[in-house]
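> Sequence:
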Amino acid sequence: MAAQNHLDMSFQSPGPSQKRSNVPHLPDDLIEAILSFLPPKEVCRLAVLSKRFRYSWQLCRDLCFDREFAMNMSRDEYKSIVNNFFFNNVNSRADTFKLYFDAAGDTCLVCYWIHRAVTLGVREFELDFTPSAKKYMLSYELVDVKTIKIMRLVNCELHLPFVSNGLRNLRELTFERVRARPVAMQAIFLNCVSLRSLKLIQCNHVYNLKISALELKGFQNLVVKNCSDVLSVSIKAPVLRSFHYHGKLCDFKFYSDLPKLKDVILEIAHPRGFHLLSNREHVVISLAFVRVLTVTSTFLEGLSARFEENEYKEMEFCMPRLEEFHLIVAPESYLLPSDIASFLKKCPRIQRVFIDLGNNAFGTSFYWESYGRNYLNECGAVFPHLRCVKIKGFTLNELPVTMARFFLKTAVYLHCLILVKSKRHYFPEAFMPDCLLWGTTSNTQIQIYDPQGDTSTIIPQHL
Numbered sequence: 001m002a003a004q005n006h007l008d009m010s011f012q013s014p015g016p017s018q019k020r021s022n023v024p025h026l027p028d029d030l031i032e033a034i035l036s037f038l039p040p041k042e043v044c045r046l047a048v049l050s051k052r053f054r055y056s057w058q059l060c061r062d063l064c065f066d067r068e069f070a071m072n073m074s075r076d077e078y079k080s081i082v083n084n085f086f087f088n089n090v091n092s093r094a095d096t097f098k099l100y101f102d103a104a105g106d107t108c109l110v111c112y113w114i115h116r117a118v119t120l121g122v123r124e125f126e127l128d129f130t131p132s133a134k135k136y137m138l139s140y141e142l143v144d145v146k147t148i149k150i151m152r153l154v155n156c157e158l159h160l161p162f163v164s165n166g167l168r169n170l171r172e173l174t175f176e177r178v179r180a181r182p183v184a185m186q187a188i189f190l191n192c193v194s195l196r197s198l199k200l201i202q203c204n205h206v207y208n209l210k211i212s213a214l215e216l217k218g219f220q221n222l223v224v225k226n227c228s229d230v231l232s233v234s235i236k237a238p239v240l241r242s243f244h245y246h247g248k249l250c251d252f253k254f255y256s257d258l259p260k261l262k263d264v265i266l267e268i269a270h271p272r273g274f275h276l277l278s279n280r281e282h283v284v285i286s287l288a289f290v291r292v293l294t295v296t297s298t299f300l301e302g303l304s305a306r307f308e309e310n311e312y313k314e315m316e317f318c319m320p321r322l323e324e325f326h327l328i329v330a331p332e333s334y335l336l337p338s339d340i341a342s343f344l345k346k347c348p349r350i351q352r353v354f355i356d357l358g359n360n361a362f363g364t365s366f367y368w369e370s371y372g373r374n375y376l377n378e379c380g381a382v383f384p385h386l387r388c389v390k391i392k393g394f395t396l397n398e399l400p401v402t403m404a405r406f407f408l409k410t411a412v413y414l415h416c417l418i419l420v421k422s423k424r425h426y427f428p429e430a431f432m433p434d435c436l437l438w439g440t441t442s443n444t445q446i447q448i449y450d451p452q453g454d455t456s457t458i459i460p461q462h463l
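With full-length UniProt numbering, the residue at position 463 of the sequence shown is 463, and numbering never jumps.
Quick caveat, the hints were computed from the structure, so don't treat them as lab data.
There could be a bad hint or two in this list.
[Claimed, not checked] Listed next, the in silico BS3-like pairs over lysine-lysine satisfying Cα-Cα at most 30 angstroms (straight line):
no.: 1; residue 1: 262; residue 2: 135
no.: 2; residue 1: 79; residue 2: 134
no.: 3; residue 1: 253; residue 2: 345
no.: 4; residue 1: 236; residue 2: 225
no.: 5; residue 1: 253; residue 2: 225
The whole structure should be built from the sequences, with the hints applied where relevant.
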């Protein structure tokens, strides 16, 4: 009874105020075909418009019993509605199946739901067992089917066999809070021959992650995010186009050329240590073809000049195709404007630069006083292709101002310099951003915004 009060599957006759419908006089089969592509919750709501739609929910192809569907619904209500859908569904096909449920004590029921969804030939498949205190043990036989092309598994356990043809058409796979053991990764790359995208989010038992996709001609996207026990990431994927890593410092190894790699994020949370990696030069060389690069200051610190043989020596590398650079300054960073200039000098085609200082604006140091300031003035950097620079967390202290003026002097065709004020810095009312142009020949348009009022048209995706 409670379930019927929430989403009444019998749909009583509409009241007088509901008898008039704005839906045009289309054939019933056409209207039902249209409604079949809506999520169950929306179909149930629309069904009260007219008696014509009373049983349209039985033809639903988009079986989204996800987090939004379960909102403000008791466990018994949820079970009753899902059971009712599968028991009365008269469609022979379905496109999507999404489940958000606490499976504790209802393992057989969940297996029934999955089996029914799979028999309907779903292409997009999502199991989210976040409400469950323990990981749900999922039998691979339930999902080892050729129709599934997109799969997302959350808070469950899945053991894949080394030899299987069921998942050969799978294109996108997401594991979230799943034990992504090395044997599981090996099985994925052996069986999922059509795989294009792999995402590992908050997974454990990862350890030495090996991405061996030499035989996968379409594998393009890899995301590794907040996996607590990852020690290294080894990549053999010659057609990889996008690699996003978020988490602690680990050893990155690239065992194949990456000529198509265009978009890379290395958001390393550890405040120190990249300079200690023995193969950091190899990592940078492997990123030579990247066009959009997002890094934290830890990465740039590892590439900064080192004092050797009574002088500071820079690392030799070049990023000839880099067009867009995003920098996120991490807490406790000792990064300086000279380090940024040293890196960008090796990017001859750079067009857009976005720097997020957060609340960690540059601070002076002995290195800056003895070497950094002079380097910035004498490095001879010129950026003929640079068109836009955006600096968040900007203050009127020496180093942020010096950084801004560096771009105004070296980017001869710079169109706009966007400055977003720091939350912790006072700007006098008389401050005029055009004063940064003094002593330069730049015609750049300077825009300045409050931290809560950034209405600039250029807001990069990764910042």
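> So if I understand the rule, the pair passes when the alpha-carbon distance is 30 angstroms or less; does residue 253 with residue 345 pass?
Judged against 30 angstroms, a Cα distance of about 25 angstroms means the pair holds.
> Run the distance test for residue 262 versus residue 135: straight-line Cα separation, threshold 30 angstroms.
violated, 36 angstroms
> Run the distance test for residue 253 versus residue 225: straight-line Cα separation, threshold 30 angstroms.
OK: residue 253 and residue 225 at ~17 angstroms, within 30 angstroms.
> Given the hint that residue 236 pairs with residue 225, does the C-alpha gap stay at or below 30 angstroms?
holds, 19 angstroms
> Would the pair residue 79 and residue 134 pass a check requiring their Cα atoms to be no farther apart than 30 angstroms?
Holds: residue 79 and residue 134 sit about 19 angstroms apart, inside 30 angstroms.
Hint compliance for this structure: hint 1 is the single one not met.
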